[in-house]
Every structure is written in structure tokens, then in C-alpha cells.
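Given the structure of chain A, go ahead and fit chain B onto it with the hints provided.
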Amino acid sequence: MEYKTVLTTCGYCGCGCGLYLEVLDGQLVGIQPCKTDSVSQGGLCIKGWNIDEFVQHSERLTSPLIKKDGQFTKATWDEALQYVADTFKTIKEEKGPDSLAFLCSAKCTNEENYLLQKLARAAVGTNNVDHCARL
Amino acid sequence: MKAMQEKVRKLLEEKIDGFIGLKMEHGHPAPFLFSRENLDDLEGLVVGDVRYPLNKTLLRVAGQYPDLTFGVMVRGCDERGLTELSRWNQLHRERVVPVGVACPPELAKLCECYKPYPAEWVVGDKTEGITESKRLVSVENMTQEKRLQHWMKHFNKCIKCYGCRNICPMCFCEVCSLEDRSFIVTGKLPPENPTFHLSRAVHMVGRCIDCGLCEEACPSNIPVRTLYKKVNEIVEKLFDYKTGESPEGKSPLNMLGEVTLELSDVNK
Chain A
1 MEYKTVLTTC
11 GYCGCGCGLY
21 LEVLDGQLVG
31 IQPCKTDSVS
41 QGGLCIKGWN
51 IDEFVQHSER
61 LTSPLIKKDG
71 QFTKATWDEA
81 LQYVADTFKT
91 IKEEKGPDSL
101 AFLCSAKCTN
111 EENYLLQKLA
121 RAAVGTNNVD
131 HCARL
Chain B
136 MKAMQEKVRK
146 LLEEKIDGFI
156 GLKMEHGHPA
166 PFLFSRENLD
176 DLEGLVVGDV
186 RYPLNKTLLR
196 VAGQYPDLTF
206 GVMVRGCDER
216 GLTELSRWNQ
226 LHRERVVPVG
236 VACPPELAKL
246 CECYKPYPAE
256 WVVGDKTEGI
266 TESKRLVSVE
276 NMTQEKRLQH
286 WMKHFNKCIK
296 CYGCRNICPM
306 CFCEVCSLED
316 RSFIVTGKLP
326 PENPTFHLSR
336 AVHMVGRCID
346 CGLCEEACPS
356 NIPVRTLYKK
366 VNEIVEKLFD
376 YKTGESPEGK
386 SPLNMLGEVT
396 LELSDVNK
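Residue numbers (the numbering used here), protein chains in the order written: chain A, 1 to 135; chain B, 136 to 403.
Worth flagging that the hints you see were computed from the coordinates, not collected in a lab.
The beta-carbon is built from N, C-alpha and C at its ideal position, and this holds for glycine as well.
One or more hints might be untrue.
To be verified - Here are a few chain A residues that face chain B, going by a calculated C-beta distance under 8 Å:
1. 1
2. 3
3. 7
4. 20
5. 32
6. 33
7. 34
8. 35
9. 36
10. 44
11. 49
Pulled out of the complex, with its shape left as it was, chain A reads as follows (with noise of 0.2 Å):
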């Protein structure tokens, strides 16, 4: 018999509220706002009330998927980032670095959107960075 509370940050948006992810005996069974959390102060939105719904969720993808022939096949991470990757090369080399652009996500750290403009401008060479915050 075991039951835990996780401390997160929901990864919804970037807003960055404070939750605690109850585990039962390993499953995840529910939220918990948390309460002495500074940015959400106890509050969430219907999105992190709901957000242990998507982690044991059984429609999840657990692996890329490269599509092959009109049908997604699975892969593994290194086939998936060495096909994006030769394929980046194509494009830059036959049309010019600023063929490619770049979207970031409220999802992620600023640590990793930092990441990924430093590799839209200084590895590939384009300005075409955005986000999806845009919307």
C-alpha cells in the first residue's frame, strides 16, 4: 500500500501552475492543486485539473513515428532524429537555410526554448523562429 503526492508544474502551458500528482500503488489516480504554489496560489485551470488524464493514457504514442509509404511506422529515437536531420541537410543544402523554420512550445522550459532558437540561428542559420503562444 503505497500512496504519494509528485510535486509538478503543469506542462499545459506556460503558465507554469503548481500541482501534486497523486500515485496510488504506482497508478496515477488523480491532482491535488498545490496550495502554497506562488504562481497558482491553489488554482488551476480545467486543462490541470484534467492532466493525469493523458499520462497512463492508452492512446499515448510511447515511440516516434516516421511515415513510410502514406503509413506512420514506428521508430526508434535514433532513426527519428538522424531522419530529421539528413532531411534538414537536404533542404538547406538544395534551398537555403531559411527554407526551415522553427516552433517552440509553451510546454517547454525557457531553458529548451532557449535551446532550440540557439539551433534555428547559430547550427542552421535562420531567423525563422516562433512559438505557439502566437496563437
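Frame of chain A, contents of chain B only:
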């Protein structure tokens, strides 16, 4: 704090299989299940400056382990909750051992709690209850038109997060009418008002133990607690029923018989 730690240690050694309380972790007091196997965890047990729906955690854990006996930290409101949850067959009251906390005067005042202490407590001192709710009086002093405006102004701030329902230790229904699509349209903000909030208020009859966690969870600062305080006032006047006070008798919604009750009797 030491008194509670010692009490829980003794209970875990002799009587209960687990204790649901708060433990200081990462600088935050969080809901935690203390067990006989890990008595050292009790060093981190705190009463906490903030309140969590521990009875909700109790239902979750006891639901999985119905034959075990659990202790739970209770304030006056939580103890009322245990009484009602038992009446609604959500838990076996004889398998729950409450460990009491008497609320400090500041909290009692903030809550306008009529009984800010459980039957027995190991932490705190008894504070006299507050029988008149100033927040309720201030709303009732408005004209009917102003009062409607007041509530609609607040209700229309609702972002429909369902936080008031989700955090409520007395909301245990498997099917919730606030999710009935023929009744509450999805993808629309604010929700149908006043229907959305008044529906929840009606469902608080015989349930609301006035813990106020709903209002604390509301990101839009809607004073829902005032609304439910009114519900409790009506329930008390009409049915002579104080929610959570006595384990005897039926819940108001199960009392209805041949009697016709006039709401006008309770209006000022």
C-alpha cells in the same frame, strides 16, 4: 506538532494501518499516507498553514483497501465531512480514526465557522464558533435586483475549471450533472448562469460542511462559499438539519414526504 506526531505514532503501532495527513516536502505541506513500516516519516508530519481535502484522499485509499483502518487529520469541518460521508455510505466510519486539530481564532474568523473544532483534538485550543456570517448578511442586505446583479457579475467570471467540484471532499458522485451535455453546453464560457452555479448549490444540500476549499480553489475569486452558507441556512431552517452534526437520521433530500415546504418562509 509533537503531540500529533506522538499520537499518530501510537495509533500506527497499535490501532490503524495508515494515517492521512500532511507532510512537509520540498518546502510545501502535502497530503501524505503515513504507515507503520515508515514511522520515521512522522518527523515531517505537520498541521500546515493550508488545508487540503484529506477526506478525499481517505476515500481514495480506503476505497482501494476497504478492510483496513485509517487515521486522518481532521478539523471541525472535516469531522462533519466524515459524518456525512458515512451517512452517504462512502466509508465505514468505524474504520476511520480522526485525529483532531482545533482551528486558531484567525482561521475560525476567516471561515466564519460555527464549530471550528472537532469532538477531540490534540493540537490547538478551542475557539468559540461564529454564528453570524457577515458575508452572508452583506449580500442579504442588498435589494433583490442588486443581489442578482452581484451574483451574475461573479458567476460570469467563471472559467468552468470545475475546481470547486473537484476539490470538494463531499463531491463523490460518479456521474455529475454539471457534465450533462444536454444541460451544460460544452466549449462555451462563461457557463449558463445562474444555472451552472445554482445547480451545484442545490446539490450541496445535506453535503456542504462549510470547509471553504471550493472558494480557495476558485481562480476567479467567485464567493461560492457565501452561496453554500445560504444553502446550509435554508437547510437548517426548513429541515432542522445541521449538515454533519449528528450521525443519526436521514439526509434532507431523503426526508421529503407529503410535506410542502415554502421557501418564502426562510426569506427575510
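Evaluated hints:
1. About 6 Å separates the beta-carbon of residue 1 of chain A from the nearest beta-carbon of chain B, less than 8 Å, and the hint is met.
2. Here the hint on residue 3 of chain A is kept, as its CB sits about 4 Å from the closest CB of chain B, short of 8 Å.
3. The criterion of a C-beta within 8 Å of any C-beta in chain B is met by residue 7 of chain A, whose closest approach is roughly 5 Å, and the hint holds.
4. With a cut of 8 Å, the hint placing residue 20 of chain A at the interface with chain B holds, because the nearest CB-to-CB distance is about 6 Å.
5. Hint on residue 32 of chain A holds. Least Cβ distance to chain B is approximately 6 Å, under the 8 Å limit.
6. Satisfaction of the interface hint for residue 33 of chain A is found here, the shortest Cβ-Cβ separation to chain B being roughly 6 Å, below the 8 Å cut-off.
7. Taking 8 Å as the C-beta contact cut-off toward chain B, the hint placing residue 34 of chain A at the interface holds, the least distance being around 6 Å.
8. Checking residue 35 of chain A against chain B by beta carbon gives a least distance of about 4 Å; that is within 8 Å, so the hint holds.
9. Because the beta carbon of residue 36 of chain A sits about 5 Å from the nearest beta carbon in chain B, less than 8 Å, this interface hint is met.
10. The closest approach between the C-beta of residue 44 of chain A and any C-beta of chain B is roughly 6 Å, which is under the 8 Å cut-off, so the hint is satisfied.
11. Nearest Cβ of chain B to the Cβ of residue 49 of chain A: about 5 Å, under the 8 Å cut. The hint holds.
In this structure, none of the earlier numbered hints is contradicted; all agree with it.
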